[in-house]
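J.: The task is simple: from the sequences and hints, build the whole structure.
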Amino acid sequence: MSTEAAAETPAFRYTAELAGRIEKRWQQYWEDNGTFHAPNPVGPLSTGEPVPADKLFVQDMFPYPSGAGLHVGHPLGFIGTDVFARYHRMNGRNVLHTMGFDAFGLPAEQYAVQTGQHPRKTTEDNMATYLRQIRRLGLGHDERRRISTIDVEYYKWTQWIFLQIFNSWYDADAGKARPIAELEAQFADGSRPTPDGRPWAGLTSAEQRKVLNEYRLAYLSEAPVNWCPGLGTVLANEEVTADGRSERGNFPVFRRNLRQWMMRITAYSDRLIDDLDRLDWPEKVKAMQRNWIGRSNGARVRFPVGDQEIEVFTTRPDTLFGATYVVLAPEHALVDVIATAEQAADIAAYRRAASLKSELDRQENKEKTGVFTGAHATNPATGERIPVYIADYVLMGYGTGAIMAVPGQDQRDWDFATAYDLPVIRTVQPSEGFDGEAFTGDGPAINSGFLDGMGVTEAKSTMIAWLEEKGFGQGTVQYKLRDWLFSRQRYWGEPFPIVYDEDGTPIPLPEEMLPVELPEVDDYSPRTFEPEDANSEPSPPLSRATDWTEVELDLGEGRKKYRRDFNTMPNWAGSCWYQLRYVDPTESDRFVNAENEQYWLGPRTAEHGAGDPGGVDLYIGGVEHAVLHLLYSRFWQKVLFDLGQVSGDEPYRKLFNQGYIQAYAFQDARETYVPADEVVEENGKFFFNGEEVKREYGKMGKSLKNVVTPDEMCENYGADTFRMYEMSMGPMDVSRPWATKDVVGAQRFLQRLWRNLVDENTGELRVVEDAAPEESLRLLHKTIAGVHDDFVNLRYNTAGAKLIELNNHVTKAYSATGTPRVLAEAMVLMLAPLGPHVAEELWAKLGHDRSLAHGPFPKADEKYLVEDSVEYPIQVNGKVRARITVPAAAGQDEVKAAALAEEKIAELVAGGTPRKVIVVPGRLVNIVL
RNA sequence: GCCCCCGUAGCCCAACCGGCAGAGGCAGCGGACUCAAAAUCCGUCCAGUGUCAGUUCGACUCUGACCGGGGGCACCA
1 MSTEAAAETP
11 AFRYTAELAG
21 RIEKRWQQYW
31 EDNGTFHAPN
41 PVGPLSTGEP
51 VPADKLFVQD
61 MFPYPSGAGL
71 HVGHPLGFIG
81 TDVFARYHRM
91 NGRNVLHTMG
101 FDAFGLPAEQ
111 YAVQTGQHPR
121 KTTEDNMATY
131 LRQIRRLGLG
141 HDERRRISTI
151 DVEYYKWTQW
161 IFLQIFNSWY
171 DADAGKARPI
181 AELEAQFADG
191 SRPTPDGRPW
201 AGLTSAEQRK
211 VLNEYRLAYL
221 SEAPVNWCPG
231 LGTVLANEEV
241 TADGRSERGN
251 FPVFRRNLRQ
261 WMMRITAYSD
271 RLIDDLDRLD
281 WPEKVKAMQR
291 NWIGRSNGAR
301 VRFPVGDQEI
311 EVFTTRPDTL
321 FGATYVVLAP
331 EHALVDVIAT
341 AEQAADIAAY
351 RRAASLKSEL
361 DRQENKEKTG
371 VFTGAHATNP
381 ATGERIPVYI
391 ADYVLMGYGT
401 GAIMAVPGQD
411 QRDWDFATAY
421 DLPVIRTVQP
431 SEGFDGEAFT
441 GDGPAINSGF
451 LDGMGVTEAK
461 STMIAWLEEK
471 GFGQGTVQYK
481 LRDWLFSRQR
491 YWGEPFPIVY
501 DEDGTPIPLP
511 EEMLPVELPE
521 VDDYSPRTFE
531 PEDANSEPSP
541 PLSRATDWTE
551 VELDLGEGRK
561 KYRRDFNTMP
571 NWAGSCWYQL
581 RYVDPTESDR
591 FVNAENEQYW
601 LGPRTAEHGA
611 GDPGGVDLYI
621 GGVEHAVLHL
631 LYSRFWQKVL
641 FDLGQVSGDE
651 PYRKLFNQGY
661 IQAYAFQDAR
671 ETYVPADEVV
681 EENGKFFFNG
691 EEVKREYGKM
701 GKSLKNVVTP
711 DEMCENYGAD
721 TFRMYEMSMG
731 PMDVSRPWAT
741 KDVVGAQRFL
751 QRLWRNLVDE
761 NTGELRVVED
771 AAPEESLRLL
781 HKTIAGVHDD
791 FVNLRYNTAG
801 AKLIELNNHV
811 TKAYSATGTP
821 RVLAEAMVLM
831 LAPLGPHVAE
841 ELWAKLGHDR
851 SLAHGPFPKA
861 DEKYLVEDSV
871 EYPIQVNGKV
881 RARITVPAAA
891 GQDEVKAAAL
901 AEEKIAELVA
911 GGTPRKVIVV
921 PGRLVNIVL
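Start counting the first sequence at 1; every next residue gets the next number (the UniProt record's numbering).
Hints should not be assumed to be uniformly reliable.
[As the list claims (entries may be wrong)] Derived DSS-like pairs (lysine-lysine); straight-line CA-CA distance at most 25 Å: (1) Lys812 with Lys802; (2) Lys879 with Lys802; (3) Lys702 with Lys741; (4) Lys156 with Lys121; (5) Lys702 with Lys685; (6) Lys916 with Lys879; (7) Lys916 with Lys904; (8) Lys782 with Lys859; (9) Lys55 with Lys859; (10) Lys802 with Lys845; (11) Lys879 with Lys904; (12) Lys685 with Lys699; (13) Lys560 with Lys176; (14) Lys654 with Lys55; (15) Lys24 with Lys845; (16) Lys286 with Lys741; (17) Lys560 with Lys156; (18) Lys210 with Lys561; (19) Lys802 with Lys741; (20) Lys702 with Lys121; (21) Lys802 with Lys284; (22) Lys782 with Lys863; (23) Lys699 with Lys156; (24) Lys802 with Lys863; (25) Lys916 with Lys896; (26) Lys879 with Lys896; (27) Lys812 with Lys845; (28) Lys741 with Lys705; (29) Lys705 with Lys685; (30) Lys654 with Lys284; (31) Lys699 with Lys741; (32) Lys782 with Lys699; (33) Lys782 with Lys176; (34) Lys560 with Lys210; (35) Lys859 with Lys845; (36) Lys705 with Lys694; (37) Lys694 with Lys654; (38) Lys802 with Lys782.
No lab work stands behind these hints, which were simulated from the structure alone.
T.: Encoded structure:
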């Protein structure tokens, strides 16, 4: 661009450069005036004045401040929440919207390992970059409420919540968590017997501790865990992929017995499932949680084996008469007890082979294998002796680790029975023409004694009643959900507020000893191993900080030596409760002040109905957290609720999953990615430097050479244009491809709107005080009504389209004369949630000396929404043949008469009588001949 | 293999409870301005809704089957 050409651009045209100046100025104004400060009812963030009853808490999923910075996909949700927040703020609600950082985590630690730079330094640098980038977008955050999980003041309370959980047990009778002291009281007064029957007072304090530890919601377990040598840490089930690898880094994961912290999330299985019904969440996410918790109803049945018993779990107790053998998981404890000597060698070999198989092998190879134990069990229904096998298609970790095999009704059992030549007895009559193997459908029971003729449902309940009466078993509910593995062998996480005495008994630190700060160390890395080295032992970095791990404390027994916990909490801990801290980030006596918590997060039955669980009013984020974060967070909230610490039992009332912005990437002949912005399209083919390249569609990423950053968009178009474009690409929940060339459409719109209000050459206002004609007012009020509806329902794309439509009308009607003020002001206000900076600028130019952030927002006037006449299309046999205009007040008969009187229609009907005439009021007329 | 979501113009997307397929944007085309080009402005072309059936006076919308794309689960008894 030559300097001459630049000089021709009118001085007051809304260019990227002018937009940039306006944006910086308003960002400064908002900051200086605390425009987005949301007052709390009480405490340091209250103004002393009463707060409006009408509040709104909008939250984005906690970002992790990665070193790569943002690409244009990241802010989609952030802008979405901002538009929503701004719209509601303008409509008079007290809106809490802020953003902090989920700042503990692996990348900073890995970077620290490579460079020796402290993870805190890396993380803080990244946060600074991140804040600069989001500030440039004009997000209306209450900056006083920014928090970061690595702040000592924050993780002090994360540790405090851990102690709350540790100091609780789940009272199944009451259906809720209670303080462990209440359990201790029950033991002490004898209302609950101790495990071995001795009086409580007769136990040593170490023994008492051991007993209580069995009940705690946070407990140490020696159970098999997911050990990932490649990462040097253990992982939660949720962090392991279906093919037995780590979600992060894709390393193999092995089952190992290790002493680790667990959270008793399984105690909440039913509530976590049932309360989903009270949440305004996408069905998809609810389904994923239900599936993950995996509740199934069935029965436990005991099969006698000599003087022993094998207990199995089945969802099909109705098929008991068809159980022709029993299978134990290879690891099952009874195997050694019941197996005969002759089989011992085969069993040992099979078990060895099974233990060497990775999860992946087990899944890939679905051929059924197993070994006979030599033992026989008795089928309690038939009294028959049936063989007992071990086989690795039965998993130790689910149910009782043992099954009754009913090959007639279960395909897996059928496969095994076929391979080992075991008998098959059908107990459900297959449907007519069934030619499959196992029949899993419904049908009348056969070969089943007293069940014969019953359908599956009736047979199930009848069998359960019979089992319970005879003492062979009982109905039960089984879950897939397991307890949450809660420790990691990492440096960059929250230390546990726990020390161990000389016996290795965990002892909680008292509240006044919090926070337990992370020590400085020389080496941030856990020892990692060959990814395949299943026998390696975790060696956390904190174990080497000996002057920290070994402490002398007075915990009520005088000064004694204790050892700290070497582990840190998983990344999820900090994000389990951050909505509570956003509410009261500066409260120092409590994790959140109760009154503030109730105001922002408490249930509001008047507004949301009787079952309202409370929680954040709108929570936006990606669907990738459907099971991990969202399940953990709900669990913590419920524990805190049970303990009376918070007023609502769900953290997020309404959840919305935004779609992803995706992008095209291009590979040349050597499958190397080439810079996407230098690829040109010709006749549907793509070329880079004249060479044809292959196009693929997917993520945006550095290695794919297709990253577009919000910074360059703001630089080239301005933040308002960028926001406008992102919001108009489609509905919030749909993924779509990024197209930089389309951004100019949003820019043109803002430019036109600006030009309708401001003289591009002089900068003077081009607004007239004349009244607007009725036609314009009708369109205006229709737009206002539509835009309200769109903003409330997160349909920003259609809200934007309506504003463009109105602006196009204004351009056409008033570009010669100047825009009537009533139109100009309404347009600016309606634009404000989407393009806040330019709207503020225009609002000020229109003579207002206060920011429009708190309104007003235009209200639609009903009288312009009702039309006095309506145009009806007239269909004949479903095809539009003519149009008539009738008064809006016309009744159906009048419309019908007018339609039949219409010239073309009269011709088509031609004297005959229509079979039927359908008049849809306000819509159309259809004449059926 | 099972479950869920989505297929509308060259592209991104509208169409509310079954009622005129098009609101908006990009690209294209024509024009205005310009010595010319860019920018800007004005105008305009373009699909019958993935396919096949069904229900209906009427289907993008409801039902069934199939095709294509995306996601979740996957030896959970």
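J.: Next step is simple, just say for each hint if it's right about the structure.
T.: Hint check results:
1. Lys812 with Lys802: holds, 15 Å
2. Lys879 with Lys802: Since the Cα atoms of Lys879 and Lys802 sit roughly 29 Å apart, the hinted pair is violated (cutoff 25 Å).
3. Lys702 with Lys741: With Cα atoms ~20 Å apart, Lys702 and Lys741 stay inside 25 Å; holds.
4. Lys156 with Lys121: holds, 20 Å
5. Lys702 with Lys685: holds, 24 Å
6. Lys916 with Lys879: holds, 15 Å
7. Lys916 with Lys904: Cα-Cα ~18 Å, so holds.
8. Lys782 with Lys859: holds, 10 Å
9. Lys55 with Lys859: Roughly 20 Å between the alpha carbons, so the hint for Lys55 and Lys859 holds.
10. Lys802 with Lys845: holds, 23 Å
11. Lys879 with Lys904: Satisfied, since the Cα-Cα distance of roughly 13 Å is no more than 25 Å.
12. Lys685 with Lys699: holds, 21 Å
13. Lys560 with Lys176: Roughly 36 Å between the alpha carbons, so the hint for Lys560 and Lys176 is violated.
14. Lys654 with Lys55: holds, 15 Å
15. Lys24 with Lys845: OK: Lys24 and Lys845 at ~17 Å, within 25 Å.
16. Lys286 with Lys741: violated, 38 Å
17. Lys560 with Lys156: With Cα atoms ~24 Å apart, Lys560 and Lys156 stay inside 25 Å; holds.
18. Lys210 with Lys561: holds, 20 Å
19. Lys802 with Lys741: holds, 22 Å
20. Lys702 with Lys121: Within the cut-off at roughly 23 Å; holds.
21. Lys802 with Lys284: With Cα atoms ~31 Å apart, Lys802 and Lys284 exceed 25 Å; violated.
22. Lys782 with Lys863: holds, 10 Å
23. Lys699 with Lys156: violated, 37 Å
24. Lys802 with Lys863: The given pair, whose Cα atoms are some 20 Å apart, holds under the 25 Å limit.
25. Lys916 with Lys896: holds, 11 Å
26. Lys879 with Lys896: holds, 16 Å
27. Lys812 with Lys845: holds, 22 Å
28. Lys741 with Lys705: holds, 17 Å
29. Lys705 with Lys685: Satisfied, since the Cα-Cα distance of roughly 19 Å is no more than 25 Å.
30. Lys654 with Lys284: Roughly 14 Å between the alpha carbons, so the hint for Lys654 and Lys284 holds.
31. Lys699 with Lys741: Holds, at roughly 18 Å.
32. Lys782 with Lys699: violated, 39 Å
33. Lys782 with Lys176: Roughly 51 Å separates the two Cα atoms, so the pair is violated.
34. Lys560 with Lys210: With a Cα-Cα distance of about 20 Å, the restraint between Lys560 and Lys210 holds, given a limit of 25 Å.
35. Lys859 with Lys845: holds, 22 Å
36. Lys705 with Lys694: holds, 14 Å
37. Lys694 with Lys654: violated, 41 Å
38. Lys802 with Lys782: At roughly 9 Å apart (the allowed maximum being 25 Å), Lys782 and Lys802 satisfy the hint.
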